[in-house]
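**Q** Chain residues, written in single-letter form:
Number of protein chains: 4
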Amino acid sequence: MGGSSFGTVFTVTTFGESHGPALGCVIDGCPAGVPFSLEDIRRELSRRRPGGGGPATTRSEPDEPEILSGVFEGRTLGTPIAVIVRNTSQRSGDYDNLKDLYRPGHADWVWEAKYGFRDHRGGGRSSGRETLGRVAAGAAAKAFLAGFGVTVRAWTSSAAGIDAPGAGESGFDLEEAERNPLRVPNRETAERILKVIEELRSGGDSAGGIVSCAVTGLPPGLGDPVFGKLDARLAGAMLSIGATKAVAFGAGFAAASSRGSLQNDRPVPKKYPMAPGSDTNTAGCNAIHTSVPGIGYETNNAGGVLGGISTGMPLEFTVAFKPIASISRQQKTVDRVGNVRDLVIQGRHDVCVCPRAVPVVEAMTALTLADLLLLNRSGRV
Amino acid sequence: MGGSSFGTVFTVTTFGESHGPALGCVIDGCPAGVPFSLEDIRRELSRRRPGGGGPATTRSEPDEPEILSGVFEGRTLGTPIAVIVRNTSQRSGDYDNLKDLYRPGHADWVWEAKYGFRDHRGGGRSSGRETLGRVAAGAAAKAFLAGFGVTVRAWTSSAAGIDAPGAGESGFDLEEAERNPLRVPNRETAERILKVIEELRSGGDSAGGIVSCAVTGLPPGLGDPVFGKLDARLAGAMLSIGATKAVAFGAGFAAASSRGSLQNDRPVPKKYPMAPGSDTNTAGCNAIHTSVPGIGYETNNAGGVLGGISTGMPLEFTVAFKPIASISRQQKTVDRVGNVRDLVIQGRHDVCVCPRAVPVVEAMTALTLADLLLLNRSGRV
Amino acid sequence: MGGSSFGTVFTVTTFGESHGPALGCVIDGCPAGVPFSLEDIRRELSRRRPGGGGPATTRSEPDEPEILSGVFEGRTLGTPIAVIVRNTSQRSGDYDNLKDLYRPGHADWVWEAKYGFRDHRGGGRSSGRETLGRVAAGAAAKAFLAGFGVTVRAWTSSAAGIDAPGAGESGFDLEEAERNPLRVPNRETAERILKVIEELRSGGDSAGGIVSCAVTGLPPGLGDPVFGKLDARLAGAMLSIGATKAVAFGAGFAAASSRGSLQNDRPVPKKYPMAPGSDTNTAGCNAIHTSVPGIGYETNNAGGVLGGISTGMPLEFTVAFKPIASISRQQKTVDRVGNVRDLVIQGRHDVCVCPRAVPVVEAMTALTLADLLLLNRSGRV
Amino acid sequence: MGGSSFGTVFTVTTFGESHGPALGCVIDGCPAGVPFSLEDIRRELSRRRPGGGGPATTRSEPDEPEILSGVFEGRTLGTPIAVIVRNTSQRSGDYDNLKDLYRPGHADWVWEAKYGFRDHRGGGRSSGRETLGRVAAGAAAKAFLAGFGVTVRAWTSSAAGIDAPGAGESGFDLEEAERNPLRVPNRETAERILKVIEELRSGGDSAGGIVSCAVTGLPPGLGDPVFGKLDARLAGAMLSIGATKAVAFGAGFAAASSRGSLQNDRPVPKKYPMAPGSDTNTAGCNAIHTSVPGIGYETNNAGGVLGGISTGMPLEFTVAFKPIASISRQQKTVDRVGNVRDLVIQGRHDVCVCPRAVPVVEAMTALTLADLLLLNRSGRV
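Residue numbers (our numbering), protein chains in the order written: chain A, 92 to 472; chain B, 92 to 472; chain C, 92 to 472; chain D, 92 to 472.
No lab work stands behind these hints: they were computed from the structure.
Check before you lean on any hint, since a few could be wrong.
Same chains, same names: a pair is fine if it fits in one copy or spans any two.
For lysine-lysine, the following DSS-like pairs were computed, each having C-alpha atoms within a straight-line distance of at most 27 Å [as the list claims (entries may be wrong)]:
no., residue 1, residue 2
1, LYS190, LYS423
2, LYS423, LYS361
3, LYS362, LYS423
4, LYS362, LYS190
Isolated chain A, as found in the complex (with noise of 0.2 Å):
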């Protein structure tokens, strides 16, 4: 990892700043022969956008996007695919008395203490639009592994100290999530969360949540052990996403206060699909070694992941987001001169991240994934 661009292989770059021309990324080593095409980037971004005019975000934001390489004809041609996103619509006057303010909660300082200045129009490259070169590059990785049958969906499964129904548990509706706005798998959790929303807009506050992710089809075997590990990747990927504070995997953070008894999955035998012809772990990945019987696990403590290896069950993980920091109630803080002032913020801002970062989250993790899919071909000679 480092700066601007994430990934071995399969990697993305991303560039643009809030304010500045466009925005948009390179995705670099994405084989030839993938089905893709603008509708895809279209619909991945427009998950992003609050367009909706769901109830956790005000802005409106048209971002038409423009493949300037690496597609031809609906496929892609196995050299880089740029895209960008031309910016409009960018209200700049709504920042101007930050200027010579700090807010908290951001990283205006920090920028400041580093690079000696910064662009103070809508968080430059901190701002949440930088993500809009992610979620694009997402949409190629998932239609990569869309070829090998691995689907990647997240939800926001808390929202303002509000909990909804877990993956498996009575009135968890993956449907619903993408019917609200809030991207919650319950209707009617969605709506109590709506309700403590619309208090905090009010009152000029907001919230923080939880974003689940699921991942299906994974096929056994992806990840280096000692520091190529799959949940060490993820986890790299998911926290260089902007607000959150924290990743698990698995029962995550209950397991540290449980029993080896009850945290062990059992191995139970489980028919898997063999490559035809073949022993070896094909491009296709979905195939184990011929010597070696078939897996499955009885429970999923660990998330889908052992040793920093897939384990063929559900890949599992939640990513904790903290509040907007933006908030419209009087906070206080210290100007570019030191001195002690009062702020307030104004502009179009949301009150929790949690729909906007459920897209983000897809996108970091189908990169990740394609990535290793493709360093990890084989182990086997």
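Fit chains B, C and D to the given chain A structure using the hints.
**A** Frame of chain A; chains B, C and D shown alone:
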């Protein structure tokens, strides 16, 4: 990240299986002139060794390191530093009945699914002994960081479901953590945990726990926005440690159910030392741009990181460890031909991994920070 | 090195096919504050364009660049800099008869063997137009290097078998190289070469040549021993340029048939400027450790590099280019179903690539040095 | 590339100073199951040792390797392979008079300028003994390549200005190169060179030379366009070897003065083996896409690479080595306080480095190809 190497500039490559001739590491990129010796390595390794007979562990393994290169007359040469530790005292016999069984909670099966075979003796490269190379490398990283006044300390903050007082709370004593073999910073809590651990040992079970880490002296400005964030790098480093399930920075998951008005750390004026005659971030990394006033924060919910960049406040995070998978009570599993079988694991196994994990958490943290310090010398021209 | 990205800290990712919507690059890792503008890019791109109607080329392609991010009010922001150039003026029709034939000297067949298809229009990503992204990125690298007093200059030192006077020899005039479209540093030689080129063009043939490069102002100490050597990095950078066949440093192949007594450059005392108040290598990289006397060399057979580290003498190397593969005389080849066929390549093609290659050699050199300067700030603690 | 590590997937990290306790390497990323043993390493190391008393060298250094990890019962485990060789037989006394002098042609001064000190005994990490780690790692790479039918062979094609017959020419005998200690593929030429070398030794001088390398069995399709070209990677690998001044592929510099009609290799039909039941490039890398006819080339001016991708023809290149810098005749130099001094280098030094360089060229080539083979498993989905 990838395979057996960690880092971009200050790197470490570890090697060695638990039943091979030797384990070790090669540290590359450590600048010349750092005071470093065999004694520094011995000290860190002994903190890792269960030696002291502490109740959480039952093995005794003298690990005498040898420096093969890179150090001369008490200082680093700037060339790669190779350290090895010969393997002795491994009771292979303990593992014979495991040859055909997949141990629950271990990576036995996924390893075979990935590679086509596994070294059944003691976990091969998945073994806890692999951390030996990490800790030796961490000793070099710590020596480098010391030159910048950066100190890394970790301790067991929770085990078997019992929490110790937190940093800053009454009863928190870091020196106590160095005295008791559980590494718990409170004598009374350590004794209570010890009781539970003894019960678990008799009952053939195990417990999870949480390791907390605090870094002081870290200058503001470390970390690269977007993908090279300080917390993203650390998250990847922590999840690369065996038995980890989660990592959380600052308020962590608590932030997810909190409010912006509560989570935003208020900026306050603070005096910073300036590098003599310079306004840039020197290798000493303790200066900030002169055009920027010094800022501190009234609280530290951020945990010392904002926007992925260090703020100058203490860097604070926690790591959740699952219970040791090797428990001695009977478990059900599957064997190499797919039959359901009973399994009883014999041999010497820890009950809770946290005491051993503490120096590993410190090592990985030191390595991440050393790498970033070298990578981040200045973001300005 | 890998795929479409180059560099470790100061990196460039290029994208774009010659017949896609646009070409471009993303430069990441350029520190903030470097004076840089669209004009700098235009200037370098125009040096690359065959425009000026020079005899070695026959195409005319206006390439108007656009900066999408990373630059604000004439200075770099320290964020990724994205530059695009839209494709126009491509006469696709010229290539239709090539659809089923493999052109000799081109990568047509290996590309299909590797990817399963190829974009037959104009070479796809293998096209010379791909260098556009490199040259744009080189403009940023040059701007960064200028701040350290480092200058990169290249010229055509030989073409069609006719050698120009070498640097330091009578008749060598670098300003002349900027005046004539062959980029040859001697008017008389340029005219002789021009004659031969016209004959070759009429005869439907092409010529190879050599590009020489000299870097002045490079401080001693750049480069990492063993695998990160300065000349190793440059060699990889040069051979990544299309149509290259060899690279030689200093005396090059002549050293292979020489003697140690003749090749060893004699050290002589030399005064070096010291960075004020410091004995370390600063970001300015123009200081050497105070305990070391200043050394120069009486001759420069080494070409400015010893043991892979810059010596402070001018860095000098040459790059051999093979003749342009697209010649208009009839050639024999094989078609897509394996039959032997005759081929006549139509369209607009250069006779000798060297004039166009000069700015590309400069760009790749600047990118390599910028990366190394950032990577190598100090090897000392 | 960077510092002491080479490669992206199949990597090697070398360590060890010539006067430290030991030298060695860690090979990471070698897949499991490759037949490999201590004997393979011994064989390659002995080819490197001047042992055989050959005229070009005068030292005798028994180097007994030890494998510390990664190999079990004659096959690689897929885990990192650590190999060490203890240092003995170093006559430190030979170097005492050099303590205050900078040897011409060596990196003594640049090393001090960069690091602030140098280990004056025998060249530290700049010593030729550093290649020991590379050659040991090359043994593993060769073992891996053997499984794909890829063979790497190098030889001394020119020394002291005397050329041996080239590959394909009358008198060229690769077996003779393995019999005589100069590694020259023609007995008569070897004897003529030997005479000149003896004269040079008496006269206290040294000679340069050229090492040629040929790789057979390499499948078409290896290499990544733009920056990951096969020849770019090899060029960087070659120039990372000490004493190199240039590298040339195929016709090399001769192409620069030739014509397109002469340099273009004519495509001709050729039969290729297809992987059973598959049209993709398997790990075996010996299939090409079925929709593509098999192509060979009538000549091989390209040297086996086109557009940076292997063509399936033999990969052929040459590396120029400068004369050994340590000559025994008197030279003028500068000492550590800046005074001009006379210097006479004593001790045991080679006259021409080529015989020793041959196994190093083979090792670096094997490492580059092994890495690329793993990286390039398929560009198609």
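**Q** For each hint given before, does the structure comply? Return the numbers of the non-compliant ones in rising order.
**A** Those not satisfied: there are none.
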